[in-house]
Every structure is written in structure tokens, then in C-alpha cells.
Amino acid sequence: MIMFDRRLLKNFGWSLFLMTLVFSFISLLNLYSASYETGLVSFKRQFVWVGIGIVTLVSVSFLNYRFFKQYVPYIYGGAILLLLFVLFFGKEVAGSKSWIDVASLATIQPSELVKIAIILVLAKFYDDDYQVGPYGFLDLIKPIILIAIPLVLVMLQPDLGTALTIMLLSGSIVLFMGVKKWSVAFILIAIIGVSFYSWHYSLKPYQKDRISTFINPSSDPLNAGYNSIQSQIAVGSGGIIGKGLRSGSQTQLRFIPAQQTDFAFSVLAEEWGFLGSIFLLLLYFMIVLWMLDTSSRAKDKFSMLVSFGIAAMFFWHVVVNVGMVIGLLPVAGVPLLIFSYGGSSTLTAMIGIGIVLGIRMRKFSMSAEPIELR
Amino acid sequence: MQDFRNRLLIATMILGLAFLVLGSRLWYLQVLRGDEFAEFSLENHIRVERIPAPRGRILDRYGKELVVNRTSFDVYVIPKDVKDVAHISSFFSQILNLDKNHIDNNIRSALTKRSFKPVLVAKDINRDQLAYIEARRSSLPGVIIEIHNLRQYPHGSLGASFLGYIGKVSEAELKSNPKINNNDLVGKTGVEKGWESNLRGDDGYKQKVTDALGREVESTLFLEDLQNKKSMPGNDVLLTIDIELQKAAEEILGDQSGAIVAVNVNSGEILALASKPSFNPADFIKGIDSKTWSDLVNDKTSPLLNRATQGLYAPGSVFKMVPSTAALNEGFIDHEEYIHCPGYYKVGNSTFRCWKRGGHGWVNLRGAIVKSCDVYFYKIAERMGIDKLSKYIRAFGFGSVTGIGIEEKAGISPSREWKLRRFNKPWYKGETIVSAIGQGYVSVTPTQVAMMTSAVANGGTLLKPAIVKEIISYSGEKKFKHTPIVSGKIPIEIEMLELIKDALVGVVNDPGGTGRAARIKDMTVAGKTGTAQVVSLDLQSDQKKHRDHAWFTSYAPAEDPEIAVTVLIEHGGKGSSVAAPIARKILEVYKTLKEERGADDNV
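Line by line, the protein sequences give chains P and G. Take 2 as the starting number for the first sequence in the working numbering and just add one per residue. Take 53 as the starting number for the second sequence in the working numbering and just add one per residue.
In case anyone wonders, no lab produced these hints; they're calculated from the structure. Glycine residues also receive a C-beta, built at the ideal position from the N, C-alpha and C atoms. Treat each hint with caution, since some may be false.
Said to hold, decoys possible - Below, in silico cross-link-like pairs of lysine-lysine (DSS-like), each with a Cα-Cα straight-line distance of 30 Å or less:
| hint | chain 1 | residue 1 | chain 2 | residue 2 |
| --- | --- | --- | --- | --- |
| 1 | G | LYS338 | G | LYS132 |
| 2 | G | LYS281 | G | LYS299 |
| 3 | P | LYS92 | G | LYS132 |
| 4 | P | LYS45 | G | LYS132 |
| 5 | G | LYS231 | G | LYS220 |
What the hints assert, rightly or not - Computed spacing ranges between beta-carbons, pair by pair:
| hint | chain 1 | residue 1 | chain 2 | residue 2 | range |
| --- | --- | --- | --- | --- | --- |
| 6 | P | LEU30 | G | GLU95 | 24 to 30 Å |
| 7 | P | LEU30 | G | ASP176 | 28 to 34 Å |
| 8 | P | PHE187 | G | ARG160 | 57 to 63 Å |
Sequences and hints are given; from them, build the entire structure.
In C-alpha cells form, the structure reads like this:
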């Protein structure tokens, strides 16, 4: 299974690993500040999660991706089962049934981990498929079903934020593989139709509020727009160099909502200013770039697509989360990977990085026969 | 593979573009608008708590306290800090004598809403209750005691009519003074209103750090952002009133409706200004409740009316100083000239009666004043005509406000123009006749009569009455000191005025004088009685509301006048028997006080 080779160590993606460590360090420092007033509970938990995450990362990187390639159907099936389990036996937090209690030690959120399963299953689908793109609508039925099953289950929880990132990252993969023009048009029409339907019949009032507030945040500064305004005040008041560790009034006096999770970036922006937030964004940029680079060097379609999918996952998390924090996008419950507090999202991010590292380590094809890329 | 590389290149470009957008937005928020947002964040977490400044005290001319402040202790609880709501409710219901369920409900309903905001349990608890609570503070988490300043009146309702009362600030008052806050108590009448700007202190403030829920943060976070300002108590207002004389005046009035004004004839300083019935200003200290208020407003005896400055009455014979002055100065009469009084006076078809049915016989000016002969004044009034007479009525300050600084009425100084304006009718001779004896349209306030008396006493100077002697800041600095202000000169030769003054001495001291009841030992009093008809003689009955108003106005000592005392008793009857003895008592108290205090006193 684990075919240990000295070349593996030699080709280990030290730069990505190092960036991940730096990132984890910054995230913990930030969380320390954000949770100081509430007794550092989440800081301590996240410390453990980061530890578990890094061990997982290293372990995953040493797994040969060819190994899980054949187990992808099982991983996918397991993920669906977890989602079904959470729907029936999950713990409800803030109106969403998204969590599973694990021996009352921790709660995990399967919908985060499901993202990896979706990336893997899509990569496997395209890897098995020898069709030369672009794909027509009929060709897309199978991948769309593969995406739709977990997507619908996530929406039933309901977890709008995760559903959104699932759509964005799987959409990126599908588009990347090529879609016929009229299919794109068809899908766009379908999305608009569904959105219209949702707005009128299925969105919950709070979700509608969030969207209408995004369009005009000051219309309702105390309720729906409050989060967005307070977050922008926090970011803006940070100025160029920031207010310093544990000195952000917006953070310390809890004006920033969900400051340890979805709005963790506001804390950083307030306390470390423009310099701090740009540094973090650049770090993200480098990580995603590194993943795309891995994708371009991949020797087979599966590993290329997996790297691309994970890069897309990181990318969309950053765009949606930071966009929300700085008032460019509506407030949606999307965490900033490896930065927000949360075991499941941290674990998901670490597994993702681990997979990409594993692919990178094996870019010098170790198998006897060269991989036929079409 | 090249195909995918191109797509990855596009993906990389999208990545770069997206990060460029995010970065620009950060630049915009943090660099371009950073200062603006920094302000917002300051506003967000700093709560300004006002420290109300105590109002200045109101003191009498010797510094004795008339209106002071006392601290009121108010009990609040912070619901979230209360461990056992049931326990704390029964505790308070026992010691504060309150309804247990009421407290319990208040705390519990606040717990679900704003659990960090203090809930009022009781205002203004007494010292024993305070001591009891303080002793158990450690076992009562969440209980806070707030301190406020309340007006206190050590002498009860003494002087209430001129001190005035305080009440919740009105919309208009809020607009006119930016320093006043919503729900503040401000002076509504009297000195409290007239000297509001002096009495009002300068509120301080204390800034506190609060979190997103509005809770005060105890930690030392963000202390450098905070600013504090101490409150500055208002200025003390030292009145011209002599508290002892005021007490005497109010005691003498007792249950009677009326007013007493005592004034220093040389400076215009009011020494006593009594009006009865009055009210209790303590009812207003926390903002008056609507029941008490409507009772006061609907009270037929008008307790809120300051009869000394706002009460309008016909002056009756006390007014005779005015036609005397006019006729002498304008040469319509010689003081030696005798006029016959048969008890009535005919002008055309009308007959005007003298108060003495049988008449006074032959009287000159002195005799007419001493015996208060009406016919004499009918005659000289007819000679003068209204135009000359009204000139002198105005010269004595009637028909216009005195400028005392508290609520007052101008009254009526009748004249041809006034009647034309008011009733659009010409002036009749008969109206001139009755004006000369202070009846008809003439209407005056007791304070105006006192100032007229002072002007006669001091040799012809009409002074502006003053009620405030000094204003002293909290730090002891004198902000204001009263100096006499002349409102006008009475146009009369000093020798002629001496004739009138001599007659006024006769009123009190001559055997047939109407004011003999005002005589006192060792001090010569000069004065004039007045009995103002409320209805015509034909309609008079024994009903109280038909009874005459009794007047007496006086000054003393006659040789070197110091004080003027004017007394008005509503429906009291005759000035000679009702008002004059009251003036005597006031003058006696004045004399005794002066002797006790020694000659060097500055009265």
C-alpha cells in the first residue's frame, strides 16, 4: 500500500508544507486573540485539531493516490451515508442539522469532508471517460447526478454555505473539462430558473434577508446588515498596520459576529491591518498557485483533476469568505479554510493539501509504464 | 495535455484577478477609508454616561437655605448578575415595602430581553433602607445603588410662590438650550425658571467601554480611548428675601387669600413676597404626578398663582397717592384748598357716593387722604381729566410689568387710547371720576402698589423691584451683585411730595386716620388704606365673593423710610380693620429683626 521510497522524501513538497505550517500558526495566533475574552476554549480545541490535521496531512501525502483512485466509489458512498446519517441523527445547531457528535468529544460536520469525496468522484469520472471534450448536456448527466446527490442532502440540512461551495468547486471542474456552449447556456438557464423558484418558494426568510441586505447593507443596520457592517468597520478600522494583537476593539468587544469561525479574517484585518491581511491573501494565492502548478505537472488526468479540484476548493473558499468579510459578497456561512475555527473544515483542508502533496511527490512517475494522457 | 495547460493558465489568470479584486477592496477599506472606519469603531464601543450636575442652591439674603439639593438613592438590579431572582424579590419587597410579584416580574421579563440593563426597583429609598441593603451587598449580586440630586425645601412651602417649581423639560426648552438633556428637570416658574441658566450646572460625563451587547466592560481594554469630564454644580442664587420676614408674612396671612410685599424703598430689594394659598414645591421634585397636578390646576383658590405679582385687583383708595401727585404737580389744586364732601358727588345725571354716607364736610388734601374722602378726589379728577391722570398712573409704573424677573402681570393703566383700543369706545367722564379712587378699569398687582409706595417714600424714584441680590459660583466667585435700577422719576416737586407724605403719616397717626391700626411703638409709620369694591354697592351682600378686597400700603420709619409694606387680603373687607393690622405686624417683625441684627446691617 504505502510504497515507501526515498525519492518520496526528496520530492516532498516542502514549500507547500511550510506554507501550511505558517498558515496554521497565523490562524492559531488569530484565534488566540479572538477567543481570549471567552477563555481560549476554541483556541485550545483548534490547537488539537491543527495537530491532528498535520498528522493527517502527512499520512495522506504518503498514500499513493492510485490507491484511493480505486476506492473512490467507496469513499463517495461513505460520504453519502454520512450525509444521510446526519440528516436523521445529526445535532441541530442554529437551525441546521449539520453536525455529528463523536462520543461527545467533538462534533464533526460531514458536509465539509464531502467536498473531497466530490472532487475525487468527479476526477474518477473524467479519468474513466475517454471522450474528447467539450461535453454535451447528455454526457454531463452522470457527473451532474454525482454532484446533485450530496448537494441535495447538504441543502436539506440546510447548509447554504457548503452547498454554494460544492456548486462552485464542482462547476469549476466541469467547466475545466469543457462543456459545449449550448450546454452552458442550458445550465445557466436552469440555474436562473432554480434561483427564481428558490427565492419565491423555498428560501428561508433569513436567507432572503441576507441576500437583500447584501444589496443594501445599511438598510437594516441592526439586524441582517449588522454582520456585514460590523465586519467592514473591523476591517477598515485596522488601517495599514492594524491595532495589534488582542487590541482590536471590534474583536475584543465582540462586535464582529462569528469572529472565530466565518469572520476570522475580520479579526486578522482589524488587528494586523492591510499589511497582515495582504500577507495572508498572498499566502493563499501562493498555495492555490502551487496546487495549480502541481496540476499542470501531473502525469495523469486523475491526479491533474484532483489537484485542480482541491485548488478550486481553496480558491472558492477564499473568494466567498473574504468577499463576504469585506462586503463584496453576501453573508454566507463559508469558513476560510485552515484559518477559521472548526475541526471539520481544518481536517478537510489538511486532507486536501495532503493529497496535493502526495501527487506532487509522485510527479516523477514511479510506475513502469508512462501514463497515457489521451 | 497542452489543452489542459492552457486551461490551467486561464484558471491562474482568474485566480490572479480574483485576488487583485480582494486586495483592492482591502486597500479601499483599510488604507483609503481607514480613518473613517477607525472612528466608527470608536463610536461603536464607547458609551457616554452623563454625570448630572446639581442645581445651584437658592438662599435668602443672609445665606440661609431656601432650596437645596439632597441625594436620592435609587436601587437597581442588573438581571443577568442576579443569582436568585425569587430571593432578591422577596428581600426587596420586605425591606422596601413593595409588591414581591411586581419586582419578580420586572426582573424576569428583563432577563429575556436586555439582561445587562439595570432594572429600577425603587427610587429615593431612606437611610435605614440604604444601610440595610449596603450591609448585605456582598450577598446580593447584581444590586446597584445610583445617586441622584433632588431639590429639597428645608422650609416646606415657604416662598413657594416666588421660588417656583421644577418639572420635566419641554420640547421648546430642549431646543433653546443645547445643554439640556431629555428628561432633565428645569425651572418652570419663579426664580427656578427666571434664573435657570445660573442655577443649572454643567453636566459632566464619563466614557465607558461597552461590548457589542452594550454591557460595560470591566477590563482595562481600550482605556486610552476614554475621556471624562467632571460635572460643575450650578451657581447659588442669593435672594433679597429675608427668610424671617417671609416666614412672618406667610404666618400672618395664614388661611386668608392674599399677598404681602415688603420692599426696601431705597434699593428696590424685595424682603418678603408672600402669596396665599400656595403649593408644596416638594410635589414637583421628581416630576409631578398627573393627579396632584390636575388637582393644583383645577383648584378654585388658584394656589399656583403668585398673587403678589400676578394677582390683579382694583387698588381702591391706596391709589389716591396718584391723583394727589398729579393734581398738585399739575396745579389743579392747592393743598390749602377745602372741598366740601356731602357724601356724594354729581356729574351730569350720575351720582358718585363717598364711602362715608354722611360725608366728610370740608376737607383739604391732607384731610382727604387721612380720612380717605372720595368726593375730594372725584372733584380733582374732574378738574384734571383722564389724560393728565393717566400720565401719572403710568409714571407710577402701573400698566406695565415691573421687571422683577418672575411671572408677573402688567395690569391696566386706563386712558382714552387704551379704552378705544380695548373696547373701541370713547372715554366717559364718569370713568375718570372712579379711576381717581382706584376703581373702574384700574387694575394693579400688590408689587406695583409696593413700588408706588416706595417711590413716594424715597422722594420720587420709581425703582425696579429686585428679588436676586447676588449670584455666587460653586467656587465662591461672585457672578452678580444687585445695584438699584431706576425705572423712572415721578414728576413732582419734592415739597409737594412732602405734603403727601405728611398726609400718609396722618393716616396712621392722626386721631381720625383710617390706618390707625398700623401704629407701632417707637417707629412712625406712614400708610394708606384701601377698600376695593368687587361689585357695585347696590349688589353687595354678605357673600364672601362680594366682599371688598382689603388693602393697606405703608412705609416706615416715616422720617427716614427704609421699608415699604403692602398688604392685600382678597375679599377681606375694610383695609383699615383687616389689612392695616397685618402691615403693623410685619413692620414690628422688621423692627425687631433689625434691632436683633444690629444697626450695621445692610438692609
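Now the hints, each set against the structure:
1. G:LYS338 with G:LYS132: holds (28 Å)
2. G:LYS281 with G:LYS299: Violated, at roughly 41 Å.
3. P:LYS92 with G:LYS132: holds (28 Å)
4. P:LYS45 with G:LYS132: Satisfied, since the Cα-Cα distance of roughly 28 Å is no more than 30 Å.
5. G:LYS231 with G:LYS220: holds (14 Å)
6. P:LEU30 with G:GLU95: 24 to 30 Å: holds (28 Å)
7. P:LEU30 with G:ASP176: 28 to 34 Å: With Cβ atoms ~53 Å apart, the hint is violated.
8. P:PHE187 with G:ARG160: 57 to 63 Å: holds (59 Å)
Checked against the numbered hints given earlier, the structure breaks hints 2 and 7 and satisfies all the rest.
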